[in-house]
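> Next come the chains, spelled out residue by residue.
Protein chains: 4
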Amino acid sequence: MANSRFEYVKQFEHDKYLLPNTWIVIRIDGRGFSKLCAKYGFEKPNDRRAVDLMNAAAKAVVTELPDITIAYGVSDEYSFVLHKSCTLFERRSSKLITTISSTFTAYYVHLWSSYFPDTPLSSPLPSFDGRAVCYPSVQNLRDYMSWRQVDCHINNLYNTTFWSLIQLGGMEAKDAEKFLAVSAHPSRKSPKLIGMQPTLSADKNEILFSKFKINYNNEPEVFRKGTVVFRDYELVEPAGQRVADAVDNLAEPVQQSKTQEETDKKRRAKARVVVDHLDIIKDDFWDRRPWLLSNKPGKVPKQT
Amino acid sequence: MANSRFEYVKQFEHDKYLLPNTWIVIRIDGRGFSKLCAKYGFEKPNDRRAVDLMNAAAKAVVTELPDITIAYGVSDEYSFVLHKSCTLFERRSSKLITTISSTFTAYYVHLWSSYFPDTPLSSPLPSFDGRAVCYPSVQNLRDYMSWRQVDCHINNLYNTTFWSLIQLGGMEAKDAEKFLAVSAHPSRKSPKLIGMQPTLSADKNEILFSKFKINYNNEPEVFRKGTVVFRDYELVEPAGQRVADAVDNLAEPVQQSKTQEETDKKRRAKARVVVDHLDIIKDDFWDRRPWLLSNKPGKVPKQT
Amino acid sequence: MANSRFEYVKQFEHDKYLLPNTWIVIRIDGRGFSKLCAKYGFEKPNDRRAVDLMNAAAKAVVTELPDITIAYGVSDEYSFVLHKSCTLFERRSSKLITTISSTFTAYYVHLWSSYFPDTPLSSPLPSFDGRAVCYPSVQNLRDYMSWRQVDCHINNLYNTTFWSLIQLGGMEAKDAEKFLAVSAHPSRKSPKLIGMQPTLSADKNEILFSKFKINYNNEPEVFRKGTVVFRDYELVEPAGQRVADAVDNLAEPVQQSKTQEETDKKRRAKARVVVDHLDIIKDDFWDRRPWLLSNKPGKVPKQT
Amino acid sequence: MANSRFEYVKQFEHDKYLLPNTWIVIRIDGRGFSKLCAKYGFEKPNDRRAVDLMNAAAKAVVTELPDITIAYGVSDEYSFVLHKSCTLFERRSSKLITTISSTFTAYYVHLWSSYFPDTPLSSPLPSFDGRAVCYPSVQNLRDYMSWRQVDCHINNLYNTTFWSLIQLGGMEAKDAEKFLAVSAHPSRKSPKLIGMQPTLSADKNEILFSKFKINYNNEPEVFRKGTVVFRDYELVEPAGQRVADAVDNLAEPVQQSKTQEETDKKRRAKARVVVDHLDIIKDDFWDRRPWLLSNKPGKVPKQT
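As you go down the protein sequences, you meet chains W, B, V and S in turn.
Per the UniProt record's numbering, residue 1 is the first one in the first sequence, and the count goes up by one each step.
Per the UniProt record's numbering, residue 1 is the first one in the second sequence, and the count goes up by one each step.
Per the UniProt record's numbering, residue 1 is the first one in the third sequence, and the count goes up by one each step.
Per the UniProt record's numbering, residue 1 is the first one in the fourth sequence, and the count goes up by one each step.
One chain only, chain W, in its complex shape:
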C-alpha cells in the first residue's frame, strides 16, 4: 500500500550484496589527514597520541560489533575483518561500510579530547571514508593482512629515516627526499617521489645507525608493526594448516543450536578486546589463535 504517488522512486534503489562465504575486509582511511596533521601539530614521523586515539576508536568499534573478528591499523587507516560466515545486514555493502565508517568516526571525535586535551577540534572535523573487499580463501585474507603490515614497515622505515635526516641531521625536506630517492625504493605513501629513479637500493637501517646511532629495531613496536585488535582467549598449541583447511572447506554458515549460539555470544562478550602490536605475517600468530579464522570463541582466560 503506497503512501503516495511518489513512492515509485523506491524502485531505483538496489542493494549490492557481498558474495556469501567470503571474508569481508572493510578498510577506512582518514580524509585529508596530511592537512589535519599540520593543523593540530601532530609529531613527526609518528604522533603517539594520534595513534592511541585511532586504536581506542578501533577498539570501541570491535567491541560494539561482535561480527568483527580482527582489525589491523596503521597511520590513518584501519582494516576491519568480518568472518566469511558473517550475515550482518544481509551482507549489504552500503550498510556495512557506512556503519563501520560512521561508528569509527563517532568514537574518534568523542575520544579526541581524552588524547588531545589541550587541542579542541574545529571545522573541518576529522572524517573517514571506507570500502569493502571480499576475499575467498584464508590465504587471500592473510595475504591482505600481510600486505598492510609490510606496507606499515616500508613506510615507517622510510619516514623514520626521512625525519631523522631533517630533525637530527638538519636537512631540508627536499634534500632528504632526494637523498632517500637515490638510496632506496619509495613507498606508495610518497607520491611525490613517483618518477624519480632510485639508483641505489641501499639500507635505510644503515643510514639510521651510522648517522644517528638509531637501531631501527629498537623503535617502538606500535610504529614498526602497527596495531592489531581482537577478542582474546587462551592461546593454544599450533595445529598447523588444519584450522585454515577446515575454514576453507566451509560452504555455508554453520547451523548451530540456539544453546550453542547463546554460549558463543556470552563467551565473546566476556572476552577481553586486546590492542597489541604483533607480527601477523607469520603463521604463529594465527595458529595459536584459531578462533580468528574459525569464529568459534576460545577459552576465556582468567583475568587477574
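By construction, these hints were calculated from the structure, which means they are not laboratory data.
Predicted, not measured: the structure shown is a model, and the values here were computed from it.
Among the clues, some could well be false.
Copies of the same chain look alike in the list, so a pair counts if it fits in one copy or across any two.
[What the hints assert, rightly or not] Lysine-lysine pairs mimicking DSS-like chemistry, simulated, CA-CA at most 27 Å apart: (1) K204 <-> K178; (2) K44 <-> K265; (3) K299 <-> K270; (4) K270 <-> K35; (5) K174 <-> K44; (6) K266 <-> K39; (7) K213 <-> K174; (8) K282 <-> K10.
Since chain W is already given, all that's left is putting chains B, V and S on it; use the hints.
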C-alpha cells in the same frame, strides 16, 4: 613495482561508479535511534533539541561539501543531493556514502554537547548508515524529495495524534495504537502495526481538534514539513518548466572556463547556507531557486 | 520448501537491475571476426553479403523483440536500443544481453546459407559478445548513436583508402599503413597504428580522387553510413525539441489503459521493420520519427 | 585522442569483474522452450534427439573454450564451470555470459538439422539466456553441481510418472497433476502446483512399478542423471580431500613457466572431450578426476 608479493590482493577491489548524468541522492539514517531516544530521554513526539542537532550537522555537511546542492531531513534521516553533473570522487559509490555518513556523524557527536549540555554521550555512540540512489530526471529527483516530505507529514500527523492520546488523553500506548489503527492508515515507521487492518480511514486532524483542541496546522513547521538545507541566493521570478528542461537536456558536465569556475566557486563560498522548513513538493520552491537544479550559483543577496 | 540441502547455493546469485528510466543500449560484437573474414574470404574493404547477413539478423531480432525501438549496425557490431520505459525481464542485465546476443547469433547462423550459399559454416562458428550501457537523457542516447555513426565514417573512409592503395595502387599492406599513418589520424579500429605519430592530417578524400578517380561520396551508403533498423510509420512534420523534452520529463513508465496497450501492440505488430542507411546524427531523422523517442507507435502507412 | 565530441558516451560503460579466486558457473537456459517443444513435436517426457542436440552443442562449447573445466546439462539448461584461477576476458561478466550463450546457440542452430533432419527451424529460432554465479570454495561448487543433479532426478521422476499416467494410464493432464500433487512433492519445474498442499509424500517409484511395471532405475541414465561434459584423462586412485584442500588453499593463479603452460595447453588439446551420464554428487567422481578441480591436465589415455 610491487612492494611485496602480497600486493596481488589489490586486484580483488573493484569500485562501483554511479551512472554519469544522474542525480545522486545519499540518504543517511540513524542506527538504533529508538533505543537512543529512550536512553537520552528525547521528548515525544518530537524533541526540538534533537532535531536542531540533526539540522546543525546537516548544515555543516552542506557547508563542507559544495557539491551538495540541497539536503532534506526529517526525524533521524537526512537526504543529500549531488547535482547530476557532479564528479566528486569520480562518482565512486563507496567514497561518497562513507564520506557523507562519516562527516555527518563527526558533527553530530561534536555538536551534541551544545544541544544536550546536561546529557553527556556514552557508548554506544550515535551513528548513521547511508546509501546512494541515482535518479535520471529532474522529475525523478523532485518525486524523491516529495516522497520524503509526504512521509514526514504522514508520520508526524500520526505521531502527534498518538502522543496526544497518551500525554493528554491518558491512554496506554497499546490502546492509542489500536485506536489509530482502526481510524487511519499506518505509516512505514510503525512496523508494529503491520498486519492490523485499519477498518476506518478517519481524520486524525479531527481527533486532535475534537479531543484536544489542537489545530494540527498550528504545529511548528519544523515538525510538519521537515528541514531543507541549501545555499541561498536572491529569489527569481519563476520561469516555469524551462530550467528543468534545460537541465534534463544536459548530456555531460558543462565545460566552463577556469575563470567561470573560479567565479562560481567564490559565489558558492559567499552564499549563506540556510536551514528552513518549506514546502518542497510544489513547483514554486524550485522555480524561484533555479540554482538548485541548474547548479549555477545565483546572485548573492546583500546581507544585513 | 527446499528440494535438497544443496539449494543454499541459490543465495550466491544476485541479479543486476539496470537503472530505471534510462535508455538501455545493448551492443553486440563479432568475436574474432578478423579470422572469420579471412577464413570465409570476405571481400575488402566491405563484403556486401556479410553486411546484408548482419542486417537480416538484426531485422529478425528487432521483429522478435518489440521492446527494441531502434538498432544501428556497422561492420561486425550492432547496437540495440531499449526505450527508457522498458521493463523487459525487469531490466535484469544478464537476461537482456544474453537474450539479444543469443537471438542475433541464432539468426546469423541460420541465415548464413542464404547469403553464403557456396560457403558452408564450420567450427569455430561465428559468435557475438554483448554488453549493456545505460543513458539517462535523450541527448546522451543520440550522442551514443552519433558516436557509432561517426566511427563508421572514419573507419570506412580509412579502409576504402587503405584497400584502394593495395588493390588499385599495388601497394603492400605495410606500406599503405605507413602512407596513411603520416597523412591521417588512425581510428580506433587500427590498433596496430597506435604509437605511430601521424605527422600530417591530410585528406583521404583527396588521395582517393587524385590517385584513383574515386569520389568517396559516391560509395554505397550502406558502407558510408552503416545501417539503421526500426519500425516504420508515417513521417511527421518536425516539432523541434518538444518530443525530446517530453521524453526527458518522463519519470516512470506511462500507465496506459489495457485498451491503449492493446492498440499500441497491434500497431507495432503491423508496422514494417525497415532496414535503411540514413544520417542519424542530424535532428531531422529523429524529429520526423517521434515514435523512436516517445515509444508511441505512429500511423501505419498504407503499404503498396 | 577522441575521434569526435560524442566519445564522452564511453564513460557510461562500466564492466563488472567477477571476484578473483572464485569458481565461475555460467548457466544458460532455453528461452520459451515449452512452446518450442510443442512447435517441433518433442517427445514426452524426454526427447532423445533434443537432449543429444543440447549435448552436442555443449561439447562444442567445451572444446572451443579450454577455460571450461566441466559442464553439466539437463533438460534445456546447461551449466559451464570456469576454474577459479581463470582469467578469460579479465573475468568480465558480460563478455563471459554472452560469449558462452552465443557460442552455444550457434552450435545448437547449426547442428539442428543433424538431429532433426525432417524438421527445419523457423522463426522464432531457439535461443538461450545466461547468467554467472561465483562460488568461493570447492564445496560450494560441488554443492551447486549436486543441486542441479538432484533437480534433474526430482523432475525426471516426476515427469516420467506424470507422462506414464497420461500415455499409459490414459489420464487427462489435469488429473495426473492432481494425482501426483497429493502423492509427492512438486518440483520447482511445476509452478502450477505451487499452493497445492501435497497431503502424502508417497513413492512415485511405487506408482510406476505397480501401475505400469516400470522400474525407474532401468530408465536411461541420460534422463535420470543428466549429462556431464569434460576433458578426459586417465583415472587416478582417489586421494581423498587432498586435492580439494590444495585447491581451496590457492590464493592466486599459479605462476607457471612458459614451457609448463605450453605442455598443459598441448595436453588439453589432446584430451578427448567426453559426454557422459555419471553421478557427480558422490566424492568418487571428483576424487578419480583430480584435474577437474586442480586444472592441471592429467595423463592422456592411449586411444584405441
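> All the hints need checking, so say for each whether the structure fits it.
Status of each hint after checking the structure:
Taking CA atoms no more than 27 Å apart as the test, K204 paired with K178 passes inside one copy only; the shortest distance there is 13 Å, against 51 Å between copies. Taking the shortest alpha-carbon separations for K44 and K265, neither the intra-copy value of 42 Å nor the inter-copy value of 34 Å comes in at or below 27 Å. Taking CA atoms no more than 27 Å apart as the test, K299 paired with K270 passes inside one copy only; the shortest distance there is 10 Å, against 55 Å between copies. In the homo-oligomer, the alpha carbons of K270 and K35 lie at most 27 Å apart only across protomers (23 Å), although the nearest pairing inside one protomer, at 40 Å, exceeds that limit.
With identical chains, the CA atoms of K174 and K44 are at most 27 Å apart within one copy only, with a shortest distance of 16 Å there and 60 Å across copies. For the identical chains of this complex, K266 and K39 are inter-copy neighbours only, at 23 Å across copies versus 43 Å inside a copy, given an alpha-carbon limit of 27 Å. Taking the closest pair of Cα atoms, K213 and K174 come within 27 Å of each other only inside a single copy of the chain (23 Å); across copies the shortest separation is 65 Å, beyond that limit. With identical chains, the CA atoms of K282 and K10 are at most 27 Å apart between copies only, with a shortest distance of 20 Å across copies and 48 Å within one.
Checked against the numbered hints given earlier, this structure breaks only hint 2.
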